[in-house]
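Participant: Chain residues, written in single-letter form:
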Amino acid sequence: MEGAVLASRIQFAFTIMFHYLFPIGTMGLAPFIAFYTLKGVRGDDGAMISARFFAKIFVVNFAIGVVTGIPMEFQFGTNWAAFASRSGSVVGQTLAMESVFAFLLESVFLGVFLYGRRRVPAGFYAFAAFAVWAGSWLSGFFIVATNAWMQHPVGYAIGSNGVIELRSIGAVLLSPFAWWQYLHVMTGALLAGAFIVAGIGAYYLLGRRSEAFGTRFVRTGTLVGLVAALIAVFPTGDRNSSNITQYQPVKLAAMEGLFESKTGAPLAIIGMPDVQHETLIDPIYVPSLLSFLAYGNFHANVRGLREYPRSARPPIELTYYAYHVMVGLGTIFVVITAAGALLLIGKRLYRSRWLLWIIMLAMPFPYVANEAGWVVSEVGRQPWMIYGLMRTAEATSPNVAAGETVFTAIGFLGMYFLLGVLFLLLILREIALGPSAEPALAPAP
Amino acid sequence: MNVAAFIVLAGIIAGYVMLDGYDLGIGTIHLFYARSEEERAASFRAIGPFWSGNEVMLIVAGAVLFALFPRAYAVSFSGFYLPFMIVLWLLMARGMSIELRGHFQSDLWYGFWDVAFSLASALLAIVLGVALGNVLRGLPLDHSGYFTGTFTLLLNGYAVLVGVFTLIALAMHGAAFAAWRIDDFVLCAKARRAFNALWILTITFFVIVTWLTALVHPIIRSPALWIAPVIAVAALGGSRWATAAALRFALTSAFLFFLIACAAQTLFPYLLPAFPIGAGGLTISNSAAGTTSITTAVVATVIGIGAALIYATLAARRILKGIWQG
Numbered sequence: 001m002e003g004a005v006l007a008s009r010i011q012f013a014f015t016i017m018f019h020y021l022f023p024i025g026t027m028g029l030a031p032f033i034a035f036y037t038l039k040g041v042r043g044d045d046g047a048m049i050s051a052r053f054f055a056k057i058f059v060v061n062f063a064i065g066v067v068t069g070i071p072m073e074f075q076f077g078t079n080w081a082a083f084a085s086r087s088g089s090v091v092g093q094t095l096a097m098e099s100v101f102a103f104l105l106e107s108v109f110l111g112v113f114l115y116g117r118r119r120v121p122a123g124f125y126a127f128a129a130f131a132v133w134a135g136s137w138l139s140g141f142f143i144v145a146t147n148a149w150m151q152h153p154v155g156y157a158i159g160s161n162g163v164i165e166l167r168s169i170g171a172v173l174l175s176p177f178a179w180w181q182y183l184h185v186m187t188g189a190l191l192a193g194a195f196i197v198a199g200i201g202a203y204y205l206l207g208r209r210s211e212a213f214g215t216r217f218v219r220t221g222t223l224v225g226l227v228a229a230l231i232a233v234f235p236t237g238d239r240n241s242s243n244i245t246q247y248q249p250v251k252l253a254a255m256e257g258l259f260e261s262k263t264g265a266p267l268a269i270i271g272m273p274d275v276q277h278e279t280l281i282d283p284i285y286v287p288s289l290l291s292f293l294a295y296g297n298f299h300a301n302v303r304g305l306r307e308y309p310r311s312a313r314p315p316i317e318l319t320y321y322a323y324h325v326m327v328g329l330g331t332i333f334v335v336i337t338a339a340g341a342l343l344l345i346g347k348r349l350y351r352s353r354w355l356l357w358i359i360m361l362a363m364p365f366p367y368v369a370n371e372a373g374w375v376v377s378e379v380g381r382q383p384w385m386i387y388g389l390m391r392t393a394e395a396t397s398p399n400v401a402a403g404e405t406v407f408t409a410i411g412f413l414g415m416y417f418l419l420g421v422l423f424l425l426l427i428l429r430e431i432a433l434g435p436s437a438e439p440a441l442a443p444a445p
Numbered sequence: 001m002n003v004a005a006f007i008v009l010a011g012i013i014a015g016y017v018m019l020d021g022y023d024l025g026i027g028t029i030h031l032f033y034a035r036s037e038e039e040r041a042a043s044f045r046a047i048g049p050f051w052s053g054n055e056v057m058l059i060v061a062g063a064v065l066f067a068l069f070p071r072a073y074a075v076s077f078s079g080f081y082l083p084f085m086i087v088l089w090l091l092m093a094r095g096m097s098i099e100l101r102g103h104f105q106s107d108l109w110y111g112f113w114d115v116a117f118s119l120a121s122a123l124l125a126i127v128l129g130v131a132l133g134n135v136l137r138g139l140p141l142d143h144s145g146y147f148t149g150t151f152t153l154l155l156n157g158y159a160v161l162v163g164v165f166t167l168i169a170l171a172m173h174g175a176a177f178a179a180w181r182i183d184d185f186v187l188c189a190k191a192r193r194a195f196n197a198l199w200i201l202t203i204t205f206f207v208i209v210t211w212l213t214a215l216v217h218p219i220i221r222s223p224a225l226w227i228a229p230v231i232a233v234a235a236l237g238g239s240r241w242a243t244a245a246a247l248r249f250a251l252t253s254a255f256l257f258f259l260i261a262c263a264a265q266t267l268f269p270y271l272l273p274a275f276p277i278g279a280g281g282l283t284i285s286n287s288a289a290g291t292t293s294i295t296t297a298v299v300a301t302v303i304g305i306g307a308a309l310i311y312a313t314l315a316a317r318r319i320l321k322g323i324w325q326g
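Protein sequences appear in the order of chains C and V. Residue numbering for the first sequence is 1 to 445, as defined by this note's numbering. Residue numbering for the second sequence is 1 to 326, as defined by this note's numbering.
Because the hints were derived from the structure by calculation, they are not lab data. You may find that some hints are simply not true.
[To be verified] Computed beta-carbon distance windows for the label pairs:
1. Tyr-387/C - Gly-280/V: 30 to 38 Å
2. Thr-152/V - Ile-10/C: 45 to 53 Å
3. Pro-140/V - Ser-436/C: 57 to 65 Å
4. Leu-153/V - Pro-364/C: 23 to 31 Å
5. Pro-276/V - Ser-311/C: 44 to 52 Å
6. Gly-123/C - Val-3/V: 41 to 49 Å
We treat Cβ as the ideally placed atom computed from N, Cα and C, and that holds for glycine.
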């Protein structure tokens with residue numbers, strides 16, 4: 001049983017982390033495509049070419065996102081049958097809503113956007129771009145609402161046979177926990193989208209090619225990136241922390257590497273947790289800051305990990321490092337985009353090659369930050385599958401053996417390696433080809 | 001309300017078979033009816049804007065099953081562990097082949113994805129058919145309702161026959177779509193010839209499978225249940241003599257839709273009957289979620305699908321009747 005749980009966890013963690021790379025791309029780029037399209041149909045040809053260019057990158061992300069997304073829905077049933085059967089009344093709702101409200105919208109209008117350029121009126125074409133955006137962000141909402149319910153269950157009742165039954169879908173969808181988590185996740189995706197746009201622009205400027213597009217992309221990406229980086233810290237990041245402080249205090253302690261409860265708890269900027277001796281190695285502290293961030297009061301008491309039995313603690317190292325990676329990168333993103341915005345005001349950004357280099361090389365890091373954030377959220381939630389209601393160890397399929405899951409996990413590994421290689425090949429090729437006007441009378445693709 | 005939930009679920013599955021059925025069908029015949037690169041490109045162009053929307057219906061079906069009948073979802077997905085994983089990998093290979101084929105101009109690249117597309121489509125049709133066959137035949141379930149059989153047990157004669165029937169019927173449906181939508185005159189004629197040949201096979205298998213199913217299931221338990229089989233037979237018969245390509249495709253669509261309706265009414269009130277038939281199993285009452293949950297999911301699904309039908313029709317008409325807009 002132990003082995004089966006571990007195998008299913010590894011398979012889920014691997015498939016979800018790989019899958020999530022592509023929704024980051026689609027949710028992050030969709031707003032840029034929508035606004036470029038809107039400017040485009042209003043007569044800005046450069047904006048329309050930009051929209052079509054990012055749509056090519058979007059569509060590769062979308063296709064791989066779809067094919068890697070289907071296994072996610074399947075796995076609830078294949079590997080987590082006990083969880084599915086016990087909580088489907090709630091979890092099934094949001095997933096069903098995602099598919100009927102968001103997926104259909106996104107895929108239908110993506111079809112219009114890709115194939116309808118020369119077939120539908122301009123207004124409808126712009127509408128399609130916004131519908132794709134709405135679809136992708138709606139999809140994100142239902143997924144985050146599902147996850148938020150597992151983090152902080154609301155609107156349910158427990159039936160006689162232990163089955164969790166939905167009581168109020170309103171409570172599930174309007175849960176403040178879900179909304180703050182959603183806004184934080186979307187800000188993260190937008191930030192990644194902004195860094196893709198700015199990074200590609202920087203690449204063109206550094207290579208002295210497609211420079212009109214290069215300046216456009218760097219400008220848009222840097223400014224949107226600055227706004228997103230700030231919102232990721234405050235209010236969305238801050239509000240998430242206070243929700244965690246309130247509902248999952250042991251996760252907070254693991255994130256911060258706080259072993260001993262303290263009044264006026266310090267914030268560890270760096271340091272390595274030594275779980276065996278329950279201490280941080282080589283820490284750098286800011287005195288009392290953790291108490292302030294968690295409770296808005298420098299003298300508040302923050303509960304440490306020692307107050308919880310080992311069986312109730314999440315894996316500490318992973319939660320701690322993932323959190324510090326996310327926060328550290330978030331801070332760096334603020335610095336990079338703020339520097340970009342300042343140089344833009346001073347009209348020197350496009351000639352500041354040192355910063356263009358940094359912007360270009362920073363492109364992958366919002367992905368790392370997004371994934372790290374999810375690791376904090378999911379690993380930090382352990383040992384619970386549904387917080388306080390169902391343990392991960394009880395959630396797997398009783399009739400699926402570890403060996404079966406190991407086999408399929410290896411299958412996914414191979415399949416996703418191939419997908420990853422193809423993805424990079426196609427994306428790098430689109431970037432190398434660059435934005436260009438399509439031949440006026442060519443047939444639609 | 002549980003009955004309404006069953007109808008919604010059956011409707012979505014029937015919709016999935018009808019919609020994704022034609023692009024799986026085109027995939028199945030792709031290597032045989034389209035020979036040159038121009039023809040194969042035309043074959044892909046015909047389904048390009050639609051396939052991902054069609055495939056979404058499969059995700060909808062899975063998610064709606066999850067919400068309405070969590071136990072049946074858990075039992076079937078974990079019970080069919082390996083077949084479902086194979087379905088996933090085939091869906092991936094197929095999705096990749098459609099999306100990636102056009103990215104490089106190279107005969108090797110095209111050839112590779114043509115074969116991947118066709119193989120994955122045909123295998124998917126068979127695997128989905130085998131799954132349906134096993135559900136109709138009944139599954140070995142233990143006292144807590146979990147599946148206890150083996151992979152080889154799923155490949156029994158009846159289920160394999162249903163799998164082959166599915167392959168042929170979807171290929172016929174795909175040929176009907178191709179004959180209607182492909183923008184290549186010669187290829188259209190080829191698709192029509194393929195349709196005629198596949199029609200004969202379909203009707204043969206239809207008779208055999210229906211007869212075998214009737215041996216274990218009381219198919220017609222009330223006069224109202226004649227409706228779906230009669231429509232299915234009439235649509236299949238009519239499709240052979242329909243002269244307008246659009247009408248022919250509409251008739252094969254109706255055939256598949258009502259064929260699934262027949263399967264659903266045969267199963268009712270079971271979702272997963274135990275083997276042999278009559279030994280119990282998971283029904284709409286013992287695997288349904290609570291009342292609030294069922295009501296919420298049925299209402300949300302009906303609204304969502306209803307809205308989707310409206311905007312998808314709108315979008316499809318704009319695309320299909322589209323004019324040059326510069």
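Participant: Using the Cβ atoms, figure out if Pro-276/V sits within 44 to 52 Å of Ser-311/C.
Facilitator: 46 Å, holds
Participant: Taking the CB of Pro-140/V and the CB of Ser-436/C, does the distance hold inside 57 to 65 Å?
Facilitator: At roughly 60 Å between Cβ atoms, Ser-436/C and Pro-140/V fall inside 57 to 65 Å, so the hint holds.
Participant: Taking 45 to 53 Å as the stated bounds, is the beta-carbon spacing between Thr-152/V and Ile-10/C within them?
Facilitator: 28 Å, violated
Participant: Has the hinted range 23 to 31 Å been met by the Cβ atoms of Leu-153/V and Pro-364/C?
Facilitator: 47 Å, violated
Participant: Using the beta carbons of Tyr-387/C and Gly-280/V, state whether their distance is inside 30 to 38 Å or not.
Facilitator: Holds - the Cβ-Cβ distance for Tyr-387/C and Gly-280/V, about 36 Å, lies within 30 to 38 Å.
Participant: Go ahead and decide if the range 41 to 49 Å is satisfied by the Cβ distance of Gly-123/C to Val-3/V.
Facilitator: 43 Å, holds
This entry does not satisfy hints 2 and 4, going by the numbered hints stated previously.
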